[in-house]
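Same order as they appear, the protein sequences are chains A and B.
Just add 98 to the spot in the first sequence (first one is 1) and you have my numbering.
Just add 98 to the spot in the second sequence (first one is 1) and you have my numbering.
Read the hints as simulated data drawn from the structure, not as lab findings.
Treat the hints loosely; a few may be bogus.
Any copy, or any two copies together, can satisfy a pair, since identical chains are not distinguished.
[As the list claims (entries may be wrong)] Calculated pairs, DSSO-like style, for lysine-lysine (alpha carbon to alpha carbon, straight line, at most 30 Å):
# : residue 1 : residue 2
1 : LYS459    : LYS387
2 : LYS180    : LYS387
3 : LYS459    : LYS435
4 : LYS136    : LYS180
5 : LYS459    : LYS180
6 : LYS510    : LYS180
7 : LYS180    : LYS435
8 : LYS510    : LYS136
Protein chains: 2
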Amino acid sequence: MPAPNALYVQSGGPTAVINATAQGVIEAVRRARPAVGKLYAARNGILGALHEQLLDTDAASAQAVTALGQRPGSAFGTARYKLARFEDDEREYHRLIDVFRAHGIGMVFFNGGNDSMDTALKLSELGRRLNYPLQCIGLPKTVDNDLPVTDCCPGFGSAAKYVAVSTREAALDVAGMARTSTKVFILEVMGRHAGWIAAAGGLAGSGAGDAPHIILFPEVPFEADRFLERVRQSVQRHEYCVIVASEGARYADGRFLSEAGGADAFGHKQLGGLAPVLAQMIQESLGYKHHYAISDYLQRSARHLASATDLEHACAAGRTGVEMAVEGGNAMMVTIKRTGDDPYTWETSAAPLDRVANREKELPRGFITDDGYGITAAARTYLQPLVEGEALPPFRGGLPVYEEIDLPSVEKRLPAFD
Amino acid sequence: MPAPNALYVQSGGPTAVINATAQGVIEAVRRARPAVGKLYAARNGILGALHEQLLDTDAASAQAVTALGQRPGSAFGTARYKLARFEDDEREYHRLIDVFRAHGIGMVFFNGGNDSMDTALKLSELGRRLNYPLQCIGLPKTVDNDLPVTDCCPGFGSAAKYVAVSTREAALDVAGMARTSTKVFILEVMGRHAGWIAAAGGLAGSGAGDAPHIILFPEVPFEADRFLERVRQSVQRHEYCVIVASEGARYADGRFLSEAGGADAFGHKQLGGLAPVLAQMIQESLGYKHHYAISDYLQRSARHLASATDLEHACAAGRTGVEMAVEGGNAMMVTIKRTGDDPYTWETSAAPLDRVANREKELPRGFITDDGYGITAAARTYLQPLVEGEALPPFRGGLPVYEEIDLPSVEKRLPAFD
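Given the sequences, and given the hints that come with them, work out the whole structure.
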């Protein structure tokens, strides 16, 4: 029996280091041969598997694979797409097995976050259900850092570094002109359900009077009066106030602040997310001149500011996933296990997919200061190693070089799927 | 007669490299001695001169001065403050001369943009008016790049690099997930009156189908229908559309788009700037899923991504200003003069302050493509050298180290001013 071919799938929102995991997978498969046959990459995530749009990674030179690992965003395309429950609709599952069978695919490496691990779990159960030999290994990836069991998620460390650096830099800008100009600056960051990224903003200062003066976490119910009083105090004491606000900041009843805006004259719901809502609140209550930035996709694509630690995690996750599959593993997700804080040490390990799929890890309450507006020493101990180390991509003409990887499409062997 | 003391003043919005100009001034004054006496820095810009809040730069070690040059934001504090016309109110002018006389200050280095050069011009005329020997030299600084005569303004190259890199990175993020998720991404950048920073976003791609697909300039009247059709075409052709939008984008009648939002249910004017207005327009007309980022202060404080060329310009501006003053110059601004495009060569030169104060340099129409949505080869030739070269600050613990410079206050010799 020939060795099984393998398929690598990117899923969900991209990160600055997702392709370092792809690099890890490709390099490990090449080393694992002949235990593994060909390695394909799915075009546009699970959609590529359904529509038989496969790319042949074997065509890439070692140099191209290295360059791949330096490119942010999803190099092969990703998708937000949830398979139906097997019990409700089997069609997609039969199609996937048809595609896997047609291309001799017996190993799937599924690179994603919470929702993606649910898909990975479904795939891992497919072999048994449909009597086809299939192993599926989850490779963690999410800037939200909310996968359980693993100490951290590849992609988070770089987003954390971006937010910490941006907060530090913008705070210096505001501090220098607060006397006659902007007194309050808000940086809106990602994290709809968990405050990990917002917490990373806390690394910008050492705590005592340093910016950020206020962090808003989804985990801490927002109280307008207390918040505004804190802004006032900060401006009074330091001449300015820097706020890092998670997009998931919400009231005690669960309503997101970002949904609290009114409707305009035409009945259109006010767009613009959280930062403008906070800014308007501050304007009306305190009258301070304010500015805000919204990091949005910049925080998860800023490969120029990637954390070297995060990059190593991402690459190792890919490598370890291949090693696990070669040893016969299935229905497991690679995890990053912290083995020491100072100096920071870590290794890769594994967790059953059914322990990680569809579960979210909140920021521990012990990482948030008693007043709810800052991070504790425990949070710093956790976060600091994850932003450690610089890993610049090559630059040319003043800009980072992000090569597109040019892979041939694998010839289709099946009729189209619709 | 003892050599005149000198005063260095930061003015207007900070940049990522403003303190490199301070470094240039301090180092040049130390070399110019004994032709120059002490060098003071004003606390909070011109306010420090009015209120006799002066810092003694001589206390800084050479090492501290180097570190100063690596710190974004205004290290001594800056101010947005316009002096009254001499004809309308002489009080502030007499006070300034009192402060200068009390501290033996005969040279002022005024580091700022358009408005600040107006203040510098007023100061330069003061000596003659009030019969006090005073030289004032303007040192250019503005991310807006809109000072006339000079080929470019220190601060701009780094903001341009930030916007070009961010556009390139976010575009890769969007491209990879456009099939099932966000199709339109908007990056809102600074430049209320001129599209220089927005133009820099164009460096992210080479033009042919690359992001950004649309740039909105203040110089090109906004036409909603044409814009929306262009967004639709881009999504149809490339699956996605990346837009770099200057905050100064406006309709033919001069109204800013950012002011076009409605009022909410309480009659509050809608906050949130340009990006949400464009997003809402796209949502309603085309229904595409969209995201936007607002760079705000991040783009002018991102010292971690400073352009090495910009940094050299900034430092040279400070040095040259001191040399000009030592040679007896007054009422002049240092300029950056381009002497070659390929390879890029430059030197410092000078322009009379009355030729630069209160004048704005627009983006030349020849830098904008005929359709109004992109940049031409001429723009690339101009912009490219300005973003060239990386100049990372030192990093510690994963974050850039930005040292505060600790300077003693100069003892006051005058009563308070109010």
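Checked hints:
| no. | hint | verdict |
| --- | --- | --- |
| 1 | LYS459 x LYS387 | between (37 Å within a copy, 27 Å between copies) |
| 2 | LYS180 x LYS387 | between (44 Å within a copy, 18 Å between copies) |
| 3 | LYS459 x LYS435 | within (15 Å within a copy, 56 Å between copies) |
| 4 | LYS136 x LYS180 | within (27 Å within a copy, 69 Å between copies) |
| 5 | LYS459 x LYS180 | within (20 Å within a copy, 52 Å between copies) |
| 6 | LYS510 x LYS180 | within (24 Å within a copy, 70 Å between copies) |
| 7 | LYS180 x LYS435 | within (28 Å within a copy, 58 Å between copies) |
| 8 | LYS510 x LYS136 | within (15 Å within a copy, 78 Å between copies) |
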